[in-house]
Amino acid sequence: MSKVSNILIAGVGGQGILLASEVLSEVLMNQGFDVKKSEIHGMSQRGGSVISHVRYGERVYAPIIPEGEADLLFGFELLETARYLPMLRKGGTVLSNNLRIFPPEVLLGKQPYPEGLEEAIAAQVDRFSVVDGLGLAQKAGDGRTVNTVLLGALSRQLPYEKDCWLEVLKKRVPAKALEANLEAFDLGCQSVD
Amino acid sequence: MKKCLLSGNEAIARGAHEAGVKLASAYPGTPSTEILENITQYKEIDASWAPNEKVALEVGIGATFGGARALVTMKHVGVNVAADPLFSFAYAGVRGGLVLVTADDPELHSSQNEQDNRHYARFAKVPMLEPSDSQEAKDFTRLGFEISEKFDMPVMLRTTTRISHSKSIVTLEEPVTGLPETSLKRDPAKLVMLPGNARRRHPIVEENLVKLGEWSSDQPFNRVEEGEGTLGVITSGISYQYAREVYPDAPLLKIGLVHPLPTRLIEEFAARFDKIVVIEELDPYIEDQVKAMGIDCVGKDKIPLCGELTPGRLANALEMPSETESQAPLNRDLPNRPPNMCPGCPHRGVFMELSRAGAFVTGDIGCYTLGFMPPLNAMDTCICMGASIGNATGLSKVLPEEERNKVVGVIGDSTFLHTGINGLMDMVYNKGVATVVILDNRITAMTGRQDNPASGWTLQDERTFEVDMAALCRAVGVKHVVEVDPYDLSATRKAILEEMSRDEASVVIAERPCMLMKRDIIESRPPLYVKTDDCTGCKACLKTGCPAIEWDAEAGKKGQARVTGHLCVGCGFCRQTCKFDAIGSTDE
Ligand SMILES: Cc1ncc(C[n+]2csc(CCOP(=O)(O)OP(=O)(O)O)c2C)c(N)n1
Numbered sequence: 073m074s075k076v077s078n079i080l081i082a083g084v085g086g087q088g089i090l091l092a093s094e095v096l097s098e099v100l101m102n103q104g105f106d107v108k109k110s111e112i113h114g115m116s117q118r119g120g121s122v123i124s125h126v127r128y129g130e131r132v133y134a135p136i137i138p139e140g141e142a143d144l145l146f147g148f149e150l151l152e153t154a155r156y157l158p159m160l161r162k163g164g165t166v167l168s169n170n171l172r173i174f175p176p177e178v179l180l181g182k183q184p185y186p187e188g189l190e191e192a193i194a195a196q197v198d199r200f201s202v203v204d205g206l207g208l209a210q211k212a213g214d215g216r217t218v219n220t221v222l223l224g225a226l227s228r229q230l231p232y233e234k235d236c237w238l239e240v241l242k243k244r245v246p247a248k249a250l251e252a253n254l255e256a257f258d259l260g261c262q263s264v265d
Numbered sequence: 037m038k039k040c041l042l043s044g045n046e047a048i049a050r051g052a053h054e055a056g057v058k059l060a061s062a063y064p065g066t067p068s069t070e071i072l073e074n075i076t077q078y079k080e081i082d083a084s085w086a087p088n089e090k091v092a093l094e095v096g097i098g099a100t101f102g103g104a105r106a107l108v109t110m111k112h113v114g115v116n117v118a119a120d121p122l123f124s125f126a127y128a129g130v131r132g133g134l135v136l137v138t139a140d141d142p143e144l145h146s147s148q149n150e151q152d153n154r155h156y157a158r159f160a161k162v163p164m165l166e167p168s169d170s171q172e173a174k175d176f177t178r179l180g181f182e183i184s185e186k187f188d189m190p191v192m193l194r195t196t197t198r199i200s201h202s203k204s205i206v207t208l209e210e211p212v213t214g215l216p217e218t219s220l221k222r223d224p225a226k227l228v229m230l231p232g233n234a235r236r237r238h239p240i241v242e243e244n245l246v247k248l249g250e251w252s253s254d255q256p257f258n259r260v261e262e263g264e265g266t267l268g269v270i271t272s273g274i275s276y277q278y279a280r281e282v283y284p285d286a287p288l289l290k291i292g293l294v295h296p297l298p299t300r301l302i303e304e305f306a307a308r309f310d311k312i313v314v315i316e317e318l319d320p321y322i323e324d325q326v327k328a329m330g331i332d333c334v335g336k337d338k339i340p341l342c343g344e345l346t347p348g349r350l351a352n353a354l355e356m357p358s359e360t361e362s363q364a365p366l367n368r369d370l371p372n373r374p375p376n377m378c379p380g381c382p383h384r385g386v387f388m389e390l391s392r393a394g395a396f397v398t399g400d401i402g403c404y405t406l407g408f409m410p411p412l413n414a415m416d417t418c419i420c421m422g423a424s425i426g427n428a429t430g431l432s433k434v435l436p437e438e439e440r441n442k443v444v445g446v447i448g449d450s451t452f453l454h455t456g457i458n459g460l461m462d463m464v465y466n467k468g469v470a471t472v473v474i475l476d477n478r479i480t481a482m483t484g485r486q487d488n489p490a491s492g493w494t495l496q497d498e499r500t501f502e503v504d505m506a507a508l509c510r511a512v513g514v515k516h517v518v519e520v521d522p523y524d525l526s527a528t529r530k531a532i533l534e535e536m537s538r539d540e541a542s543v544v545i546a547e548r549p550c551m552l553m554k555r556d557i558i559e560s561r562p563p564l565y566v567k568t569d570d571c572t573g574c575k576a577c578l579k580t581g582c583p584a585i586e587w588d589a590e591a592g593k594k595g596q597a598r599v600t601g602h603l604c605v606g607c608g609f610c611r612q613t614c615k616f617d618a619i620g621s622t623d624e
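Order-wise, the sequence lines are chains C and D.
Using the numbering used here, the first residue of the first sequence is number 73, and each one after it goes up by one.
Using the numbering used here, the first residue of the second sequence is number 37, and each one after it goes up by one.
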């Protein structure tokens with residue numbers, strides 16, 4: 073059987089993870105791959121931890137990534153990136169937003185938000201990039217374009233032309249927000265090497 | 037033909053459109069909800085939210101009796117509510133086809149149990165199809181209508197969360213044409229389920245099931261995939277995908293119609309192999325029947341009974357773990373991130389006051405079930421939709437006098453209209469003395485903000501009658517019905533304490549729209565902030581459990597609270613709990 077590739081997206085309910093995985097899946101489908109993606113709706117949307125599995129290849133069976141076989145972990149929030157590290161295979165890549173969102177126990181002062189997560193992840197995985205999603209979104213002129221910045225950064229991890237991404241993005245972004253989103257995508261692209 | 041990436045739920049909606057469905061009815065419930073939400077794009081279908089699943093099915097049955105094809109959808113536990121019409125409808129049979137979707141939730145991602153609804157098919161004597169991906173979700177929906185009409189039976193289509201909420205590629209087809217026109221047609225011997233008629237219908241149902249099982253052994257939706265080796269795999273639904281991850285090349289019987297099982301096909305398949313493995317999620321539904329046919333097989337002796345399967349869990353159970361080496365967990369304490377009520381959620385005020393009043397809260401199902409979580413910790417029971425009121429009545433009847441008045445049932449508007457109203461009728465009729473708080477946020481929030489009979493809008497976004505909750509409570513005999521704004525904590529406190537102290541049934545309606553209301557009726561309020569000169573670090577505001585307030589241990593003398601401006605919606609709960617006037621509004 074030919075190889076199936078796996079991307080796991082992790083973040084916090086309300087961050088727009090489902091939209092990002094939608095764009096990614098459509099880009100992959102347009103490349104001619106069999107694509108499956110899976111996530112949980114409902115309860116977890118209320119600020120809980122959320123993941124979306126995206127799998128593609130010649131023929132994909134399970135819609136969820138086998139444990140420890142993600143090739144790329146794409147995190148929208150640092151703690152969530154850290155939480156799903158065991159889903160990544162040895163030698164896999166981590167791309168994460170640098171945002172920190174405090175979970176309830178941290179808000180209440182009962183537990184600290186773990187310090188030094190970036191360093192700890194970097195010490196453990198070979199390929200790790202951090203993106204300043206909000207900073208770049210604001211630079212693009214609209215703080216709400218964080219997801220587009222992150223997708224720009226993601227696009228650098230995959231071997232498809234920029235136009236493949238823009239074609240899908242343009243269909244999903246309202247006309248008046250297009251300019252900021254295109255700028256955000258570019259800044260995201262440039263933020264990783 | 038056009039290819040799209042569709043979720044299982046979107047594919048079922050598309051399948052209904054292609055099958056010429058005229059009417060669709062449902063009550064929301066994860067993971068089924070998006071089927072009806074998506075069906076609204078097909079304007080020829082009369083799609084609506086019913087107040088509960090029983091009504092949804094009864095509406096569907098009416099449509100088929102008029103000769104139309106009808107789709108009815110619900111989550112697994114919804115079928116418990118709709119079971120009464122289902123079992124007798126199975127005897128009557130259909131005129132236009134009817135497909136009932138049951139969306140099961142192995143792993144309880146968003147449910148109160150993980151019942152395996154394949155048993156309903158056998159129990160109710162209704163055929164059941166089980167798709168393995170979105171393409172099949174669409175195709176089996178169409179097929180369901182054909183089987184329903186061919187064999188004169190309602191057909192169940194069972195999905196699970198990983199079918200309903202996974203997307204895969206679907207090839208679309210054109211809708212069927214030439215379906216019969218709807219009309220009135222009397223057929224009392226078939227449609228009036230009195231003992232005499234039902235007694236005659238039962239053997240017909242049994243005969244039809246035998247015929248269907250015989251026919252289905254030769255149909256393409258039950259298929260053998262040839263392969264290598266002496267081990268044969270039998271599977272269905274989502275488990276097929278996991279089976280293929282573990283045994284990519286094994287010979288495999290994939291069952292599409294799980295009731296009645298294609299016994300001839302199973303016998304022929306099993307006879308060819310030394311060993312048979314039945315791979316299925318949750319109960320040994322196929323396994324038990326295969327064993328009853330005298331075929332030995334591996335199944336639940338190895339494969340877990342509880343929770344959903346994953347490629348890893350299945351591989352481990354079958355002692356075939358993956359060769360890929362995974363990352364170790366990070367050597368850190370990672371705080372959990374459970375779901376939380378939104379900033380500005382009106383439910384928060386009610387739970388703060390119930391907690392303060394020391395109430396014993398019989399809970400119910402909805403966003404407000406999150407009142408269970410710390411720091412509110414204000415829910416003591418939760419069983420199923422509508423149970424809060426009956427539970428409160430029962431408790432109030434058996435408790436000693438000094439404890440009786442502590443009992444308060446809380447229930448959301450959608451849940452109250454679903455099955456809570458019957459409980460309230462009982463409480464009054466049979467002289468229960470508990471208090472009921474209706475958390476009326478004008479929407480079915482938990483499942484993604486669907487309209488309901490109290491919201492004044494239909495699924496099609498048309499204006500409609502809006503149930504008057506207070507008048508409804510009075511109509512069943514509640515004498516004390518108080519309406520409060522839960523954003524006003526002292527008024528809410530007063531109402532709750534006053535009604536709790538009464539020795540009769542009483543109702544508090546806490547009315548304030550959901551913060552996430554899609555319609556533009558939420559007044560916008562400026563965000564609040566903590567006055568660093570005045571905050572003493574008493575932590576009272578943290579007890580609201582609002583995600584927009586955080587504790588800064590470094591600030592002030594012993595730490596201070598801080599409001600995260602972009603999350604705060606200015607609801608003012610924290611401000612009302614602050615004894616030091618240390619929370620201000622940014623517009624003052
Ligand atoms: C029998 C049954 N049907 C559907 C559901 C799914 N469900 C859970 S809570 C809920 C309704 C919640 O609405 P409401 O009572 O208005 O409370 P809110 O979430 O708005 O606070 C639904 C439909 C269920 N758990 N059980």
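Please keep in mind that the hints were generated in silico from the structure rather than gathered at the bench.
Do not rely on the hints blindly, as some may be mistaken.
[To be verified] Using 25 Å as the maximum straight-line C-alpha spacing, the simulated DMTMM-like pairs for lysine to aspartate or glutamate come out as follows:
no. : chain 1 : residue 1 : chain 2 : residue 2
1   : C       : K242      : C       : D198
2   : C       : K75       : D       : D152
3   : D       : K336      : D       : D369
4   : D       : K38       : C       : D265
5   : D       : K39       : C       : E130
[Stated by the list, open to error] Each pair of labels, with its calculated beta carbon distance range:
no. : chain 1 : residue 1 : chain 2 : residue 2 : range
6   : D       : R392      : C       : K234      : 49 to 59 Å
7   : D       : K311      : C       : G163      : 29 to 39 Å
8   : C       : E191      : D       : D588      : 45 to 55 Å
9   : D       : Y78       : C       : G188      : 44 to 54 Å
10  : C       : P246      : D       : E590      : 49 to 59 Å
11  : C       : D198      : D       : K186      : 28 to 38 Å
Even for Gly, the Cβ is constructed at its ideal location relative to N, Cα and C.
Practice problem: Return the numbers of the hints above that this structure violates; sort them in rising order. | Solution: 1, 2, 3, 4, 8, 10, 11
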